Amino acid sequence: MSTRLKRLVFWSLFLLFVIDAAVIYTLGTENDSGKGFLSEEAKEGKLLFQKYNCISCHQIYGLGGYMGPDLTNVMSTSGKGELYVKSFIQNGTQRMPDFQLNEKEINALTEYLRYVDKTGISPVINFEIEYDGTITQKSNQ
Amino acid sequence: MKKEIGVTFIFLSIIALLAGLLFGSLSAFQFVFPGLFDALPFFKNRPLHVSLVVSWIFLSVLGGIYYYLPKYCGLPLFSKKMATLHFWLFFITGLLILTSYFLGKFGGREYWEFPPVLAIPILISWLLLLINFFKTVLKKVGQWPVYLWMWATGICFFLFTFTEAYLWVLPYFRNNLIRDLTVQWKAYGALVGSWNMLVYGTAIFVMERIKGDESIAKSGLAFWMYFLGLTNLLFGWAHHIYIVPTAPWIRYISYGISMTELLILAKIIWNWKSALQHEKKDFYFLPYRFIIASDCWIFINIVLAILISIPAINVFTHGTHITVAHAMGSTIGINTMILLSSVLFIIDDVTKHQFSATEKNTIRTGFWITNFSLLIFWVSLVAAGAEKGVLIVENQLTFQAIMQKINPYLVAFACSGLGIFLGLLMVSVHPLLIIMRYFKTKKA
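Chains as they are written, first to last, in this note's numbering: chain A, 1 to 141; chain B, 142 to 585.
Mixed in with the good hints there might be a few duds.
[Said to hold, decoys possible] Per label pair, the in silico range of CB-to-CB distance:
1) B:236 - A:136: 47 to 57 angstroms
2) A:128 - B:237: 45 to 55 angstroms
3) B:538 - A:94: 34 to 44 angstroms
4) A:103 - B:468: 31 to 41 angstroms
5) A:128 - B:542: 25 to 35 angstroms
6) B:528 - A:97: 44 to 54 angstroms
7) B:144 - A:31: 48 to 58 angstroms
8) A:130 - B:225: 15 to 25 angstroms
9) A:103 - B:404: 51 to 61 angstroms
10) A:51 - B:275: 45 to 55 angstroms
11) A:97 - B:538: 22 to 32 angstroms
12) A:26 - B:528: 34 to 44 angstroms
[Unchecked claim] Derived SDA-like pairs: lysine to any residue, alpha-carbon spacing no greater than 20 angstroms straight-line:
13) A:43 - B:315
14) A:6 - B:368
15) B:222 - B:153
16) B:546 - A:57
17) A:6 - B:153
18) A:86 - A:102
19) B:246 - A:118
20) A:118 - B:317
21) A:6 - B:546
[What the hints assert, rightly or not] Counterexamples of contact, computed for chain A against chain B with all Cβ distances above 10 angstroms:
22) 55
23) 81
24) 102
Worth flagging that the hints you see were computed from the coordinates, not collected in a lab.
This structure is a prediction, so every number in the text was calculated from the model and none was measured.
All C-beta atoms in this analysis are idealised placements derived from N, C-alpha and C, irrespective of residue type, glycine included.
With the hints as extra help, turn the sequences into a complete structure.
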């Protein structure tokens, strides 16, 4: 393989990468169906979620630590919801620490989780497997 | 003569490895026995573990590069001072990061959970490396061997992905969860890709030295493999986010690219077939033995990686311990084995140290304990993940009930994790002592 060819392959890949990144930063991720729920409080909550490292035990869309449950849809799961969430955050459990949060922080975290809930579904449980190994989400029952 | 800066990096890397494994073992036990050792709770232990073992990978790989360039590639470092500055900047920032974890001060995200300002000195230290590396290697006349390409790629892309991982500080990215998650995991995919470039480059370098055959690193095949790896680094990361509601093409590209790993798999099998006759006697040479172990782990982990990149399988495995099996299998089985090989090679080289029979025995025993424990560790994680995945998708049990069910696997996981720690302790204790003796002679 000549050095010229190597350079050509490398820079072509790099160019594709830059284009790919540009589209992903914009069009590929434009669809945020939770947008309407991203209040100032929810934005605050998102930073608190990082500040207290909730992600070391919890997942959003399956991403994060596995000690606790996925929180993507905890606000809309039947039998859970706002009061349920707040009581966990306020008190902790045997496994989950009580972070001694004040009311403002608890509300912000809850608002953030409300926003997260509106963006989509996780885990995906209602799907059909296609012949090529991909899946399609069935509409909810 | 002064101390080799590369060896100083290696010394710190081994300390980071052992400390990281200690915190890792502790967090694994906290996972199964809640309330254990509350002075250092799980949510502090986990980042301590992750950051320290990631430091092990980077420090040992960079120590190797600083050592190999002048010694073996005929390329004296552009600036030794810069390398020393890189070391101290990294070391001091590292201490600050560890302190922030102990105090429970986070603010970042997975992998980089420390307060974001601490990313600045890391970025600066990496820029020093970048300048030093390119000022050094651009002097090379003639064809670059593939490992120089790989190191150059790894260093550049780390800088890129590290920056990309911090795009969230801009509201444009932060205030759209879908964009935020996608860009975050795009960056992390490339991050792992960039350290793999550095590590695999090192593996090829060490193999070339052991075999005394320079054509290994210059063949056309070696370069096609490199480009295949690069393509995966650039475009194959989206299996992390199959279930995030992005535009579907993001998933399809990644799915397609991930399947090209089948070619890598085929090449490994082909290599084995042709190499089987020669390997036996070399196996007694310690650095070589670790490379062979990494080869076996590459095989096992690529099979798993290919499987979990298929969306229909990924829905079951995503968000379960199978992901952990994949991550740990690769970082311990592949990266750590290769890096230990490089570390042993350097120690052998720099100290002209002949390992005594006892030292060799300790290292060999450690080698077997590590690999055997890792196998149990890996299988328990896969089993725990598979069971959890199926139970979640069937959606019948509560989270607590699921965790209860997979608990026996997680106990096996925690115990074998301790085995890995002990095994690697046995492997690295003599190297540490040898380096300390070497430092002493350099001071005198």
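Here is how each hint holds up against the structure:
1. B:236 - A:136: 47 to 57 angstroms: About 50 angstroms separates the Cβ atoms of residue 236 (chain B) and residue 136 (chain A), which means 47 to 57 angstroms holds.
2. A:128 - B:237: 45 to 55 angstroms: With a Cβ separation near 50 angstroms, residue 128 (chain A) and residue 237 (chain B) satisfy 45 to 55 angstroms, so the hint holds.
3. B:538 - A:94: 34 to 44 angstroms: violated (19 angstroms)
4. A:103 - B:468: 31 to 41 angstroms: holds (38 angstroms)
5. A:128 - B:542: 25 to 35 angstroms: holds (27 angstroms)
6. B:528 - A:97: 44 to 54 angstroms: For residue 528 (chain B) and residue 97 (chain A) the Cβ distance comes to about 27 angstroms; the hint is violated.
7. B:144 - A:31: 48 to 58 angstroms: The hint (48 to 58 angstroms, Cβ to Cβ) holds, given that residue 144 (chain B) and residue 31 (chain A) are roughly 55 angstroms apart.
8. A:130 - B:225: 15 to 25 angstroms: The hint (15 to 25 angstroms, Cβ to Cβ) is violated, given that residue 130 (chain A) and residue 225 (chain B) are roughly 56 angstroms apart.
9. A:103 - B:404: 51 to 61 angstroms: holds (57 angstroms)
10. A:51 - B:275: 45 to 55 angstroms: violated (38 angstroms)
11. A:97 - B:538: 22 to 32 angstroms: The hint (22 to 32 angstroms, Cβ to Cβ) holds, given that residue 97 (chain A) and residue 538 (chain B) are roughly 25 angstroms apart.
12. A:26 - B:528: 34 to 44 angstroms: holds (40 angstroms)
13. A:43 - B:315: holds (8 angstroms)
14. A:6 - B:368: holds (9 angstroms)
15. B:222 - B:153: holds (18 angstroms)
16. B:546 - A:57: Holds. Residue 546 (chain B) to residue 57 (chain A) sits at ~18 angstroms (cutoff 20 angstroms).
17. A:6 - B:153: Given that 20 angstroms is the threshold and the Cα spacing comes to 36 angstroms, the pair is violated.
18. A:86 - A:102: Roughly 11 angstroms separates the two Cα atoms, so the pair holds.
19. B:246 - A:118: Distance ~29 angstroms between residue 246 (chain B) and residue 118 (chain A) Cα, so the pair is violated.
20. A:118 - B:317: holds (12 angstroms)
21. A:6 - B:546: violated (52 angstroms)
22. 55: violated (6 angstroms)
23. 81: holds (16 angstroms)
24. 102: Non-interface label on residue 102 (chain A) holds, nearest chain B Cβ at 17 angstroms vs cutoff 10 angstroms.
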